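If you want the building blocks of each chain, they are given just below.
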Amino acid sequence: MRMGIEPTSPVRPFDVERVRRQFPILSREVHAGVPLIYLDSAATALKPNSVIETVAEHYRRHTANVHRGIHRLAEEATESYEHARELVARFIGAPAARQVIFTHGTTESINLVASTWARQTLRAGDEIVLTEMEHHSNLIPWQQVAATTGAELRFVPVTPDGHLDLSALDALLSRRTKLVAVTAVSNVLGTVNPVATIVTMAHAVGARVLVDAAQSVPHLPTDVTAIDCDFLAFSGHKMCGPDGVGVLFGREELLESMPPYMTGGQMVRRVRRTSADWNELPWKFEAGTPPIASAIGLGAAVEFLSQVDMESVRQHEAALIRYAYDRLREIDGVRMLGPVPQHRSGLVSFTVDGIHPHDLAQVLDSRGIAIRAGHHCAQPLHTRLGIAASARASFYLYNMADEVNQLIEGIRHAQNLFSR
Amino acid sequence: MDDLYREEILDHYRSPRHRGRLASPDATFEDDNPLCGDRVRLDVRFEEDGRIAEVRFCGEGCAISQATASMLCDDVVGKLPAEVTGWDKQKVLELLGISLTPIRLKCALLPLKVLQAALWRSVNQQDARTESAANFSRRHANLPDTTG
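These protein sequences, in sequence, are chains F and B. Note that my numbering gives residue 242 to position 242 of the first sequence, counting from 1, and the numbers run on in steps of one. With the second sequence counted from 1, adding 1000 to any position gets you my numbering.
For reference, chain F alone in the conformation it holds in the complex (with noise of 0.2 Å):
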């Protein structure tokens, strides 16, 4: 279930009204005298007053761009901005700082590497494997490369119980493979993937390996060395962070072999009239001024999660989503997407008969229950299934077994408006 290295310390004691403390958002309500069931931390999760408060204190006492001026804010700022660096490169288990590239998401660190490395190495008969549970944001980039460079692209199929073929990866895998891009974790299945045994396939025929990380980091302990992956994206808001701002992590070597993504003011080193020497990692990839303040938020909420602990937090949605599983599972009518709750992480994805998910999203939010109801930006995995959306509640170590009791009577309500 752990990403990379087994658990190395004693998993420290939960305490989820103590977590559920420090996130101010939970103590509204959604509508009059009703409270707030969130259960869309897979789309974005909510932040914690560490994180707010570091946002807000950036800009009443530090606001200043980073890397250029002399003045005491902008030192500040740009401490403040590195310093966020390696607290997100400790926390995935990154050899260097240098390796981590602040981007502004998931989508962008894909791009960059879908606009630098492949379309630089890519050549017409290359493939690019890819899954059919991967999101939109790790399929479209790909088509995009296949189109300019002339390579094809390949897809694992998912099995019927919700899990990669990995025989079928074994016979896709030739000389011929570049790259494979797959996700840790289905962000509509939930299926945790064997990220670490697909990188050394790959490796194995040559391939270099991105790993899309948007569900896995927030919810289970990562180490990117033990992984051996050649990219890792992922983004801040989904774990506690500010929106607009993502990581890529890259192995050193391909970082220094690629090309500027954008070009403009920070990536350069020196410019003539015509022409320009790159800036060194992680700047070379940085132009223009970056999402600083979401930056610096980010290590905060990276700061918070590892003082709750990942291993915590793990083994508390573990619990919750096999509490989820099993009382979906009683309610005739319901079907489950996607693997058996082992071998799964962060959320349920499930289809009611009769009712429309929109519906059922719609009938719950009025008890003031969010969850994510359509395709969740995977459309051709919802063809593969065979259906044209699905509803998901998802989970974070804010999330209590009696909201998944209130679920399970929303759901029950809606049968009852729905099929009388």
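Hints were generated in silico from the structure; no laboratory data involved. Being a predicted model, the structure only gives us computed values, none of them experimental. All C-beta atoms, glycine included, are put in the ideal place defined by N, C-alpha and C. Some hints here could point you the wrong way.
[To be verified] Listing some non-contacts, in silico: residues in chain B with all C-beta distances to chain F over 12 Å:
(1) Arg1014
(2) Leu1022
(3) Ala1023
(4) Thr1028
(5) Gly1078
(6) Lys1089
[To be verified] Facing chain F, according to a computed beta carbon distance under 7 Å, are these residues of chain B, among others:
(7) Leu1004
(8) Cys1058
(9) Gly1059
(10) Gly1061
(11) Cys1062
(12) Gly1086
Chain B: place on chain F using the hints.
Showing chain B alone in chain F's frame:
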């Protein structure tokens, strides 16, 4: 908030009127909203005088899209196509008797868009030669592009 699903809407969803297909329709159109998977197909048959004699819809989707299709079909029989092409979101909201958020409004507007596209040919043969049915319906009804 369950007001969204007032009894009349639920009734149309659970027991849709005019559901099915016509054996030999004079006009047919189908469209979907890929964002949520709502899909509506409409068959129309005209009287000698051009009025709508019969209409049938089929498809699948949320209660809002399917109930709206049923209500629109109820309302459209006996009307001239020219009367219907002027309908806009106000008409749909009047039929439903509720207010809708922008995302759910798309669900409600899909059947109207399909209906107007199906009627397009009989309204103006000139337009028929120069633009697609979907464009026609969008232009005449000031409907937003529901394809997301």
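Hints versus structure:
no.: 1; hint: Arg1014; verdict: 7 Å, violated
no.: 2; hint: Leu1022; verdict: 25 Å, holds
no.: 3; hint: Ala1023; verdict: 28 Å, holds
no.: 4; hint: Thr1028; verdict: 21 Å, holds
no.: 5; hint: Gly1078; verdict: 31 Å, holds
no.: 6; hint: Lys1089; verdict: 18 Å, holds
no.: 7; hint: Leu1004; verdict: 6 Å, holds
no.: 8; hint: Cys1058; verdict: 15 Å, violated
no.: 9; hint: Gly1059; verdict: 11 Å, violated
no.: 10; hint: Gly1061; verdict: 6 Å, holds
no.: 11; hint: Cys1062; verdict: 4 Å, holds
no.: 12; hint: Gly1086; verdict: 28 Å, violated
This entry does not satisfy hints 1, 8, 9, 12, going by the numbered hints stated previously.
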